[in-house]
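Assemble chains Z, H, L, W and V onto chain A, guided by the hints.
Protein chains in written order, with the working numbering: chain A, 1 to 134; chain Z, 1 to 134; chain H, 1 to 134; chain L, 1 to 134; chain W, 1 to 134; chain V, 1 to 134.
Bear in mind the hints are in silico, worked out from the structure with no lab data behind them.
Errors might be hidden in some of the hints.
A pair holds if it fits inside one copy or across any two, identical chains being indistinguishable in the list.
DMTMM-like cross-link-like pairs, simulated, lysine to aspartate or glutamate; straight-line CA separation at most 25 Å [unchecked claim]:
| hint | residue 1 | residue 2 |
| --- | --- | --- |
| 1 | K66 | E11 |
| 2 | K66 | D13 |
| 3 | K5 | D99 |
| 4 | K95 | E128 |
| 5 | K17 | D30 |
| 6 | K93 | D22 |
| 7 | K66 | E25 |
| 8 | K17 | E101 |
| 9 | K17 | E64 |
| 10 | K95 | D30 |
| 11 | K66 | D82 |
| 12 | K95 | D131 |
| 13 | K93 | E64 |
Protein chains: 6
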Amino acid sequence: MSTVKPPENPESDPRVKAVFDDIRETRGSDFINNVWRYLAFDPQLLEEMWRDVRDLMARETLLEPKVKEMIYVAVSIANNCDYCVHSHTAAAKAKGMSDGEHAELLRIVSTAARTNHILNGLRPPIDEAFDADV
Amino acid sequence: MSTVKPPENPESDPRVKAVFDDIRETRGSDFINNVWRYLAFDPQLLEEMWRDVRDLMARETLLEPKVKEMIYVAVSIANNCDYCVHSHTAAAKAKGMSDGEHAELLRIVSTAARTNHILNGLRPPIDEAFDADV
Amino acid sequence: MSTVKPPENPESDPRVKAVFDDIRETRGSDFINNVWRYLAFDPQLLEEMWRDVRDLMARETLLEPKVKEMIYVAVSIANNCDYCVHSHTAAAKAKGMSDGEHAELLRIVSTAARTNHILNGLRPPIDEAFDADV
Amino acid sequence: MSTVKPPENPESDPRVKAVFDDIRETRGSDFINNVWRYLAFDPQLLEEMWRDVRDLMARETLLEPKVKEMIYVAVSIANNCDYCVHSHTAAAKAKGMSDGEHAELLRIVSTAARTNHILNGLRPPIDEAFDADV
Amino acid sequence: MSTVKPPENPESDPRVKAVFDDIRETRGSDFINNVWRYLAFDPQLLEEMWRDVRDLMARETLLEPKVKEMIYVAVSIANNCDYCVHSHTAAAKAKGMSDGEHAELLRIVSTAARTNHILNGLRPPIDEAFDADV
Amino acid sequence: MSTVKPPENPESDPRVKAVFDDIRETRGSDFINNVWRYLAFDPQLLEEMWRDVRDLMARETLLEPKVKEMIYVAVSIANNCDYCVHSHTAAAKAKGMSDGEHAELLRIVSTAARTNHILNGLRPPIDEAFDADV
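Same shape as in the complex, but just chain A (with noise of 0.2 Å):
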């Protein structure tokens, strides 16, 4: 159940033609997922997060595309959103992450949740050794 009726014909607007072209040349696939799909319904910000992901992740930058995948699943997680855990999960298991990094990376996510939770309780003073700007 969704809170927009996708169009039915996305195509037959250019400008979401133009985004869907070029997520089929990009992933070198005929696969468009449902989140441009129904992102579809205003090509404007169809357009801004098709940029902003693809920019990101899609290309080369100082992280490797697995890691980014996996820092990607975790603030997905600790954001609780269904669908980009889901999606990301694949990405990240189709950039080469093993099921033994997977379940580490969940170890990671929940040893830090953990962790938040109990200094978001203590609250202690931080200590002046980690401050940045000095």
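Then chains Z, H, L, W and V, alone, in the frame of chain A:
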């Protein structure tokens, strides 16, 4: 301002002393940061949290130390733990994260957050292609 | 799948009937959506929640109804309440939110989330100029 | 640093004075903590929030006062409300929470957070056995 | 839809079998719910999570079992873990939580959330009286 | 205390200077607040974030400026970004938000949070009537 009063002579308790000794030996440093000094108000909680963090973050596992710290920071930002963001950003830097990689980490965290919120607002159906359980 | 079993004949309880009657009268409709039918498992909780929502959202206040619903949706997205995102997006549309305004709402919510996460990662000092208490 | 300026003579407004009088009488103390002094910038908001908190936390209900405060602290940690964590941890202690119980509260909160994140990452199907609505 | 594929014969792995045996013995029941069956994709993660939950929730500690489950539910609601809300609400009921106490739990969680958000919006200074570290 | 050290002479970098010039011109003011001065540690991140915020918040779009800032504040409260709550509450006031509207904003945010938590605890089925995709 903290919700607990840390013990004045924490190492007079042998369980606390054992943990502090292990922290010093594991890190090769005499610096005991505040989280451990405040957690010393309850030796069991101190032992459990140190064991979890040490086994995962200070020992060799599948992922490299710098990457593990970067994932830890990502979760701590999303859960908004002030202390954890500071201590684990410092740890990531100590394990080799450059300023450029720090900026890229923030770019991934914030782009993930952006798409997390859009998708939690749109709620499109999750593509069957992402189901690992088939 | 719910954590409570809604009563089969909720209006046999006069406190529930009074709330349902008020819902129907306030909205000019016979439709009682699920949140109220499930909350009927505890009449006090039902009364309190209906009173809060009615007084704020169904009565005239300073802000216009459409804007109030859009703010409600924004919070519900950030807190990731599936039911609330659906019911209040539908309410915002019923009160005049166009598709373009819906897209702009998602743009604001997601851009705010992006900067929220960057700033929770950077943690710069808050400028004195923003202090209202001076 | 606050986003509102509290009134200098809040009790010159009779609605504010009535709330402050009720706070003093309910608590048997002259201490009015900051949340109420700042909320006084809008008497209606002050009245509503005090009514909610008083009826639930200062009056006899099914659960014992200490337990109610501990649940309140747990939610405030998860939502990361700095002020609330401090004020309700203090209230829980005033109502009998020992240091050992405080540590156990933090253990439950942090273990729950750990499993919350693992399960939000794994997303197994929910067992039918947990459905209350059958 | 899950992000991992659970093993078809999980108990063919002796580490998994040992955990499942312990679950059955601890609970006096043959029912192994999905979280454990899916976590079996990584025996170490399964062992760690079961150990944490068992030691805290299935053994005698300072707080009574029902109260511990109610705090667990409160955190799971705030972190919005669908699976956890269902499984621990069922556990709380199995340990004696009445419908009235369930409603009161929801009242505390939601009132805390309400004040958490108001205070995170107002951001008044925290009263010195709440500082435990003096 | 920040996780990055802002450059001492940020405008010696032409990319930073270009952004700062655009901030001054867009706002008609010489005041550069801290978020931009700290983001200057990475010119690309600075450029991207300023572009996003400027295009959405400083330019004419469908919604009026005051409403856009109020939605921004709502999200920032729910995500608990200290800096963002302060800077965007100040911006909303500068764009015409009265004290009464500020109180109403807090009332909507906190009532939404209350119902978000109750519904995330109850988890009733979502009514078919809310499905936009039919």
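- request: Could you figure out if K95 and E128 sit no more than 25 Å apart (CA to CA) within one copy, between two copies, both or neither?
  value: For K95 and E128, the Cα distance is within 25 Å only across copies (19 Å; inside one copy 39 Å).
task: Indicate which option fits the pair K95, D30 if close means a Cα-Cα distance not exceeding 25 Å: within, between, both or neither.
output: Result: close within a single copy only, 18 Å intra versus 39 Å inter.
query: Between copies, within a copy, both or neither: which fits K17 and E101 at Cα up to 25 Å?
result: between (37 Å within a copy, 23 Å between copies)
message: Checking an output row: K66 and E25, CA cutoff 25 Å. Within, between, both or neither?
response: within (20 Å within a copy, 33 Å between copies)
task: At 25 Å max between alpha carbons, let me know whether K93 reaches E64 within a copy, between copies, both or neither.
output: both (13 Å within a copy, 18 Å between copies)
- prompt: With identical chains treated as interchangeable, where does the CA-CA distance between K66 and D13 reach 25 Å or less: within a copy, between copies, both, or neither?
  reply: Result: close neither inside a copy nor across copies, 34 Å intra and 29 Å inter.
query: Can you tell me if K17 and D30 fall within 25 Å by alpha carbon in one copy, between copies, both or neither?
result: Classified as within; 13 Å inside a copy, 43 Å across copies.
message: My question is about K66 and D82: at a cut-off of 25 Å on alpha-carbon distance, are they close within one copy, between copies, both, or neither?
response: within (20 Å within a copy, 27 Å between copies)
- request: Classify it for me, K17 with E64: is the Cα-Cα distance of at most 25 Å met within a copy, between copies, both or neither?
  value: neither (30 Å within a copy, 31 Å between copies)
field: Intra- versus inter-copy proximity for D131 and K95 (alpha-carbon distance at most 25 Å)
entry: between (35 Å within a copy, 16 Å between copies)
message: Cα distance capped at 25 Å. Does K5 pair with D99 within a copy, between copies, both, or neither?
response: between (36 Å within a copy, 10 Å between copies)
query: Taking 25 Å as the upper bound on the Cα-Cα distance, should K66 and E11 be classified as within, between, both, or neither?
result: neither (31 Å within a copy, 31 Å between copies)
The structure is inconsistent with the numbered hints 1, 2, 9, although it conforms to all the rest.
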